[in-house]
Amino acid sequence: MSLFATRGLTVRFGGLTAVDHVDVTVDEGETLGLIGPNGSGKTTFFNAVTGLVPAEGEMLFRGGALRGLEPHVICQRGIARTFQLSRLCLGLSVFDNVLIGMHTQVQAGVWDALFRRERVVSEVRHALKQAAHLLSLFNAALVDRGFDPVGVLPQIDRRRVEICRALAARPRLLLLDEPSAGMSPEETVELMKDLQIVREEMPGLSIIIIEHDMFVIEGVSQRVVAFNYGRKIAEGVSQRVVAFNYGRKIAEGIFAEVARNEEVREAYLGRQEAARA
Amino acid sequence: MTLIGVWVVELGLFVLVVAALLAERPIALGATVAAIGIVAVVARSSARVWRWVTTSFLTHRTGALAGAAVLALVLPFFLRASPYWTFIATMALMYVTIGQGLNFQMGTAGVINLAGAAFAGLGGYTVGLLTVRLGFPPWLGLLIGPLIAVAVGALLFIPILKVRGHYLALVTIAFGFIFNILMNNLEFTGGPQGIKNIPTLRLFGYAFTTPPQLLGMTLPSHANFYYAALVMAALVTWLAWRLYNSWVGLTLNTLRDDEIAAKCSGVSVARYKLLAFSIGNFFIGLGGAFYAVMVGFVSPPDFDFGYSLVMVSVIILGGLDSIPGIILGACLLIPLPERFRFLHEYRLLLYGAAIVLMLLFRPRGLWPATVRRYGLREPAASFGAAGGLR
Amino acid sequence: MPPLEVILQQAFNGLMLGVMYALIAVGFTLFFGVLDVIHFSHGDIFTLGAFAGLSLTFLWAAVGIGNPAVALLLTFLGALVLTGLIGVVAERACVKPLAKAPPLMTLLATLSLGLVIREAVLIFYPRGADPKPFPAMLPGGLFEIGGVVIRYENLAILAIGGAAMVLVDLIINRTRIGASMRAVAQDAEAAQMMGVNLDRTVDFTFFLGSALAAVAGILNGLYYSEIHFIMGIMGGVIGFSAAAIGGLGNVYGAILGGLLFGVLQTLAAAFIPRGSEFRDVVAFAVVMVFMVFKPTGILGEKTVERV
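Chains as they are written, first to last, in the working numbering: chain L, 1 to 277; chain Z, 1001 to 1390; chain A, 2001 to 2307.
What the hints contain is simulated information worked out from the structure, not anything from laboratory work. Quantities reported herein were computed from a predicted structural model and do not represent experimental measurements. Errors might be hidden in some of the hints.
[What the hints assert, rightly or not] Facing chain L, a subset of chain Z residues (Cβ under 8 angstroms, in silico): (1) 1241; (2) 1243; (3) 1257; (4) 1264; (5) 1332; (6) 1383.
For every residue, glycine included, the Cβ atom is placed at its ideal position computed from N, Cα and C.
Using the sequences plus the hints, can you model the full thing?
So this is what it looks like as C-alpha cells:
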C-alpha cells in the first residue's frame, strides 16, 4: 500500500481550476518529482496537500484522510514542506528556525515555561543538539552560526535551514517546493548533494519535489509526474516524474520517458519548438 | 574585578538619575542632565567602552541584576523628601507591568492591541466595583481584576482569529471606544464621575497609607505602593522573560513573522494567538487594577484612547519584543515629562514625535530585542557533534 | 414602530452625517488603493481642515470680504489647498518612508503622527482646548415635505458634499492623473514601467484625500456650529470604519460605507433607549461584526495571500 495517494484531487479558485482531478501516489522511501510549466498547478497541489487551500477529491496518508484537516494537524500527521519563496523568520536565529520544526514533539507547555523551567531547558538543550545535527548534515559551519539571525546567511544556507526545519518535524512525507529557485548553477549542484544526503540519511522518508531544473529532477527523483493545465500529463516509473500543466497531471513515468512525452515537451517548449526538437 | 566595575557603572548612573530627579535649581538640573548626556555619548561613541560595558554586563548578568535590584530597593530612601517622585517612580513600574503585557501581545506574538487602556480599565473598574459596591477587600480585587480583563478580552477572540493587520487595529480601537462610552454612561460604573473612595490596600493588617519606618527612616506612604509595584513589575518581567525564553516565545515569534510557516510547522495559530492575547491582558489588567488601588479612584478619562497610545509608545521606544527594552521605555517615558514640567503640556506631542522618529530611524527601539538564547550561555558550536536524530 | 416621517427625518439627518463620513472615508480608501497603507492620522488631517477653514473665515472678515458666498467659497478653496499640502507633507514624512516596512510600522507611525497633529492644535491654536464656535455661513430657513423638516443649510451641506464626491469621481475617471492613480492602484510596478510617475501620483492622491477631509471638516463645523481639536479621533475611526465597511480601495464603497454609518448612528440614537449616549456603541459593534464576517467590505475584493 502506498504511503500517500490523491484521487481526483481538485482545487478551484472561483472559475479557475488550478488542480484538475489529479491522481498521484507515493510509496514509502520513494522520491517523486513534479514538473510542469509555471502556473501548471504544482504549488497549488502542495498547498492542497498541506491544507492551505480547500480541495475536493481524496487525499490519503498512512491510511487516513487528510482533506479538511487544518495545516497544523496535517503537519502533526507527518507531512512537512518547504516553500518556493523562502518562508524563514529572518530576524530569528538559525537554531530558532529549525527548532520551530520540532513544535509537534515539544512536551513542555506554558505552565512548564512559567514554573518548571528545568523541563523546558533540558528539552531545549536536546532540541538544539538535534538541530545542530541536522544542520551539520549540510554545512557544519551553520552550527557555529546557530545563534545568528538567519537573515545574514546566503541564499543556499537559508534554503538548507528551511529544509532542516521541515526535517526537524520528523516527517514521513517531505514536500520540497522548488528548492533550487533563486540559486546559482553552482549552488544548485550543492543543493543536489544535500538532497542526496537526505536520501541516504533517511531512507524511509518519502519526498515529493517540485523542480523546474530538469537536472535536479533527474538527479534526485526516482519517478516523475508532469502537470499541465492542472492535470497530470505524464508519469514515468522507476525514475518517476509527474508532469503538470495548468493544474492537470499530463505525464508520469521515468524521467527519460516523461521527457520524451509529446504533451510534456509541448507544455515546456511550445508547440513549434517541440516539433523541431 | 569586572563585577565591581559593573556595580560602579550602575551606581554612577543611579546617582546621576537621582540627582537629576531631585535637582531643584535649573542649573543643577542642567548640569546633571548634561552629565548623563556626556556619559551616554562617550559610552556609545567609543567602541571600546561600549564593548566593555556590554560584555561585562553580559558575563556578570546575575551580579548586574542583583546590583540593579538593590538600587531599586533603596531608591525610595533617596526620594523620601518627595512623595511626588515616589509616586512617579511607582507609575513607571506600573507601566513596566502593562508594557510587558502589551509587548507580549504586539511585540512577541504580533497581535495588535490598541485598546490597552481599556484592558487596564477593566482591571481598574473591577477593583472599584468589587471594593466599593460589594465590599471586597482590595487585595482580592487585585487578583480578580486581571482575570476580568482576560475574560472580557475573550469577546475579541473571534476578531483576533479572523481579522488581521489594519482591520484588527480598527477592531481594537473600536473596542476601546465602546469600553469608554459604556463607562461614561452606565450607572453602576458611576458614569463620568467614575468610582471614588476605593479603600486602600491592606495586607495582614498593614494599611498602605501608613508611612513606613525602615532602617530608622520614615518614608512617604507612597513608598508602600512603590515596593508593591516593584514586586509586581519584577514578577511580571520575570514571567515574561521565562515565556520569551521558552518554546512559547519561539512559537509566538514564528507566527508573528510568518503565519503560514508556523501552521505548516504544526503550530495551532488560533490557540497561540489567543494564549498570547490573554496572557498579555492579564498583565495589562493587573497594572490597571494596581492603579485603581493606588490612586483610590477610577474614571473614564484615565483609560481613554490617549493612554492606549502612551502604552504603545512605551514598547516602541524601548524596543518591540525586548523585555529589558520595555523597562527602559517605561522608566524614560513616564518620568521625563514630569521632570521637565515646562514640557508637561507638550507631553503627548513629544511622545508622538518620539515614536514617529523612532519608527523612521530606529524601528527596533532603544534597546533592541536580541536573538533568543533560552537562558543558555554556551556558544552555538557546543551543540554540534552530538547525538543523532534517529 | 415609529411613524414613517420620523424614520425618514432621522434617515435624512443620518445622510447629513453620512456625507461627512463618506468624504473622510474616500481619503482612507484612496490612500489604501495607491500605497496599501492605512493613514491613521487622516482623522486629524480632517481636524486641521476644520481649523484651517475657521481661521480663514476670520481672515476674510479681517480683510473685509463681506459677501457670505464669496467668503464661503474662499474658505473652502483655501482650506482645501492648505490641508491638501499638509496631507502631502504627512505622507512624505511618515507614510512613504515606511511603505516597505511591516504594516504595523506605518500603522503606529501614522497613529503617532495623528497624536502630534492633535496635540499641536491643542497647544498652538489660541485656547485650543475649548470647542471653537464655527460661524454660520449657509442660508437659514426651512421647508417641510411630507412631515419631514428640511433646512436649507442641510441641503447646502448635502449639495457641497455631493459635489465634492462627483468631482473626485471625475478626477479619478476622466483625467490623466486619475488614470495614473488607477494604474498605481492596480499594480504600482507595472504602472511605473508604463511611465507613470509614482511619487507624483502618490503625492496627488494624498493631496486629494486630504483636501476632501478639509471639505468634511468645514462641513462638520457648519453642521454642528463648533469644532474641537479632539474631533479627529472619532472622525478618523469612523472614516476608517466606513471605508472598511465599504471595502478598502473602492471609492464607491467608501461613500456607501460613510452614508450607512451615518444613517446607522442616527437611527440608533433615535430608536434605542438612551440612544444618543449609546449610538456609537451600536455603530462600533456593527463595525466589529462586519470586520469579522465580511472583512473585505461590501464592494471590496477578496485578497489571496501567495504561498
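Hints, verified against the model:
1. 1241: Hint violated; residue 1241(Z) Cβ to chain L Cβ min 10 angstroms, cut 8 angstroms.
2. 1243: This interface hint holds because 5 angstroms falls under the 8 angstroms limit.
3. 1257: holds, 4 angstroms
4. 1264: holds, 5 angstroms
5. 1332: Residue 1332(Z) check fails; min Cβ-Cβ to chain L is 24 angstroms, beyond 8 angstroms.
6. 1383: Since chain L brings a Cβ to about 4 angstroms from residue 1383(Z), closer than 8 angstroms, the hint holds.
Hint check: violations occur at hints 1, 5; the rest are consistent with the structure.
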